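Protein chains in written order, with our numbering: chain A, 1 to 83; chain B, 1 to 158; chain C, 1 to 753.
It cannot be assumed that every hint is accurate.
Stretch by stretch, here's where chain B covers chain C in the computed footprint (C-beta under 8 Å, at least three residues) [claimed, not checked]:
#1 7-19
#2 31-41
#3 211-218
#4 257-269
#5 287-301
#6 654-668
#7 675-682
These aren't lab readings, by the way, just hints derived from the structure by calculation. All values derive from a computational prediction rather than experimental measurement. Every residue gets a Cβ at the ideal spot worked out from N, C-alpha and C, and that includes glycine.
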Amino acid sequence: MAQVVLSNELGRQFAGGQTHFDVDAVNVRKLIGALDEMFPGLGAELQSDGIAIAIDGEIFSDPFLEAIADNSEVYFLPAIKGG
Amino acid sequence: MAKFHVTATVNGEEVEYLCDPQQTMLDVLRDELNLTGTKEGCSSGDCGACSVILDGRLVCSCLALGAELDGAKIETIEGMAEGDELHPLQQKFLEEAALQCGFCTPGFLVAAKNLLERNPDPTETEVRYWLAGNLCRCTGYDKIIRSVLDVAAEMRGS
Amino acid sequence: MGYEDKELKWVGTRQIRPDGVDKVTGRANFGADLNLPGMLTGKILRSPHPHAKIVSINTDKAAALPGVKAIVTGADMPEMPSEMAQAGEGAVNFRYLSNNIMAHDKVLYDGHPVAAVAAISDAVANEALSLIEVEYEVLPHVIDVEESMKPDAPVLHDTIFTAGVEPKPEKPSNVVMRVQMGFGDPDAGYEKSDVVIERNYTTQPVHQGYIEPHAAVVEWTENDECRIWCSSQGQFMVRTFTAKLLDLELAQVRVTPAEIGGGFGGKTTIYLEPVAALLSRKSHRPVRMVMSRDEVFRATGPTSGTAMRVKIGATRDGKIQGAEAELKYQAGAYPGSPVAPGCMTAFAPYALENVKTVGYDVVVNRPLSASYRAPGAPMASFAVESAIDELAQELGMDPIDLRLKNAAKEGTQAPYGPKFKSIGYIETLEAAKAHPNYNIPLGPNQGRGVASGFWFNIGMQSSATVNVAEDGTVCVISGNPDIGGSRASLAMMAAEVLGVDYNKVKIIVGDTASIGYNDVTGGSRVTFATGMAIIQAAEDVVQQLRERAAMTWDIGVDAVVWEDGFARPASANAGDFKPLSLADIAAKAGRTGGPINGKAAINARGAGAGFGTHICDVEVDPDTGHVTVLRYTAVQDAGKAIHPGYVEGQMQGGVAQGVGWALNEEYIYGEDGRLQNPGFLDYRMPVASDLPMIDTVIVEVPNPAHPFGVRGVGEVPIVPPLGATANAVSHAIGKRMTDLPLSPPAIVSALDS
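All chains should be built: construct the whole structure from the sequences, respecting the hints.
Next up, the structure:
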């Protein structure tokens, strides 16, 4: 099971305030699908442009098929722009 | 409005142009003579991007009027290299990475050349104060100042 | 494929940049340098009010002026839905962008565009602007971030309801959103602490200060092609934004990048292009628009001013037990301050168990903020690094030792959640401590400050093409405007992979029709991500060269290696063939399958986080309050410096901007809500005589995700200087300075109090 962490705001909006979840998924697409099943509407939000994903410390600005390992740590973060 | 007819020498060549009374020397250089190497950064004499040599003096070309230049001798960045030979300052700026975006570079080169013609052995402080009228936002000035000091030393040595 | 272990011929050396001669001879063409036949001048009429309804705009008199060819107002701009939409680098609300470029019904800051004209000369255009009659209904305005958060503040947008708070607000507010991140329990950490520091800090908005004002030339053709020549940090960004705002298809818009005279993030958005396009469509002539410096200051992106509170507690041994920050950032007239990255980066250099950051994005009657180098990080870093410095003072610890005691390293959980991969923060602290600057004795009225900083660095999308010419020379096409010498570093990496002389590699920045999509030049991504694309495109060429050699020798491709610019048999078993150079193979390319062109299109993964540590020595004149920067040393982990000269340049330039931010630069507004210092004389950026030489130490802890180890360098250097400079001044005068800028009046008043 991957450990998945939502931002406070997403947890509040979609998951009754909960932010930490254990989810079984082999890649980002499956993970988002699983989260959307748990909390309808969350999937679309997680795929919006303002959100990036960190998988085991590496930040992806527009992930889709990135692999998630059994014990991966996955964080949903505000997307970073640069100057 | 009647235009002024002006004859001046730019980079050693006699030029004639017509200009409106409100056109600055910078406007004339860029728009009438197509010498766009001289840049406009502020139009108020604060940034030095439009530095040129007017009758031997370093000036901001945005602060002089085109109509006043009859008989004047003007040197711009386009006249700095001699044929294929870059001026030592131009060459040093390239070697020392003394430019990043390059927008302020023509102004710095023109100003630095004028400094070394007046003072072949400037101190770091003298270089910094002479170039204090030229703004650079990219480099922090370090490599520019070093380049000018290095070229001064090389030109004295040769 | 990694190159770290190979002997490198070009990477790591100081080559002359490909565009260098053009830039020292005045040949280089920047945004304002293009002159098309029949070209008109476009100029913008701007609001003199910080907040007002537009009751009416009458352009009849202006239109009647001889020489006026077109007039545009907000009514000419297509209506945009108010929603976040995808736009390359990230989400953009195109309604806000459209309204910012040309006000529709309301003006929200001094300088907000309300109309534009195209005319045969500057003089006629200026006269036409004076003939446009705008009737305003002036509204109360708010400039200060904390004032704007008050319940009775004038509301800028009746469509904004604070996001991120419970219960969901029913009244519109200037507070766009509240964000919170962190973990653990800071209060429990303070309980355990022997020393707790808590202070409020403020910073003022500062402008990116690029010397080249925004400039664009647009030509709209009769078959609705929109051709744009402009300086920006991304020709594809200009294409996307312009097409979106004008309801065009992307292929209708072709953007040719001019040389860019500085951007620092401020040119990752647009201001002029759609307006010039509409003027060109109406006048059937090309239109050039160039901003004045006054316009640049009044209406283009400063970064946010802030009000911040930081609290840090530590035990006597220097271990930080709890930390929190509350950050209020001015977004300007529309939402979008960089407060989220502020929250993420504030405590990033430290390994913490209890940390919490709360941020507020707040609209005020100022120009819409734009990205500025490590957006959001320098201000938060100033507050945190000031508190850390004060903590060191209270604990009687050396400030570098205190940082070493708490430094983040590989595996440390960052305050925004994930664990850091390989990072080089500790290495920067150790290099700073070992630097001679750190031990030079100080005299009276002198002080030394230390601060560290962090930036993520980003990857994202890049395309690259490497074309081999028939004689074996190489032409590279990049899709990223070169803002500080990146063409040199990109060409050096291509030469390294191909094994050819750097001087045989020419590189251009392609227009939107001649190279595939690229995200903007920003986020310190070009040498990292576009470099990766160019490396892959060059490797594609190498593969083709091996195939051509294999074909020539009639052996398997696996039996051919590419070494130092030559195809060679992999071993004696492969056969005895005379090595073939790139030029040999290129000359016969027609026989072996046609031209040899390499391509890559990637979304670069694995950007390496960057850290820096700076030392600043100052002397303060107690009579005048004037601060002299005596010495400055910047240490940074670059991963790998492809061109050390331009890496040093990024570091030195970031320091100069940060010192200006700390000591002098600020937007000054009057009671009337008008900007009082929209010029370089009164907006005081550092000049050559304000600064010393800036010493640099490049630390190289390679980023394992990049073939040469690159992390990206452009943004980290502006993060530490605010804290380093303020800490130095505080030590020099013996008073903690918490409000930037530390201009002479501020210091005199602190000394007098």
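Going down the list of hints, with the structure as the test:
1. Beta-carbon proximity to chain B at under 8 Å applies to 4 residues in the segment 7-19 of chain C; the threshold of 3 is reached and the given coverage holds.
2. Counting residues of the segment 31-41 of chain C whose beta carbon lies closer than 8 Å to any beta carbon of chain B gives 3, which meets the minimum of three for the stated coverage.
3. With 3 residues having a beta carbon nearer than 8 Å to a beta carbon of chain B, the segment 211-218 of chain C meets the requirement of three or more and the stated coverage holds.
4. Here the segment 257-269 of chain C counts 6 residues with a CB under 8 Å from a CB of chain B, which clears the bar of 3, and the coverage holds.
5. A count of 3 residues in the segment 287-301 of chain C with a Cβ less than 8 Å from any Cβ of chain B is obtained; the coverage claim is therefore met, three being the minimum.
6. Under a criterion of three residues with beta carbons nearer than 8 Å to beta carbons of chain B, the stated coverage of the segment 654-668 of chain C is upheld, 4 such residues being counted.
7. A stretch counts as covered by a chain when three or more of its residues have a beta carbon under 8 Å from one of that chain; for the segment 675-682 of chain C and chain B the count is 3, and the coverage holds.
Of the numbered hints listed earlier, not one is contradicted by the structure.
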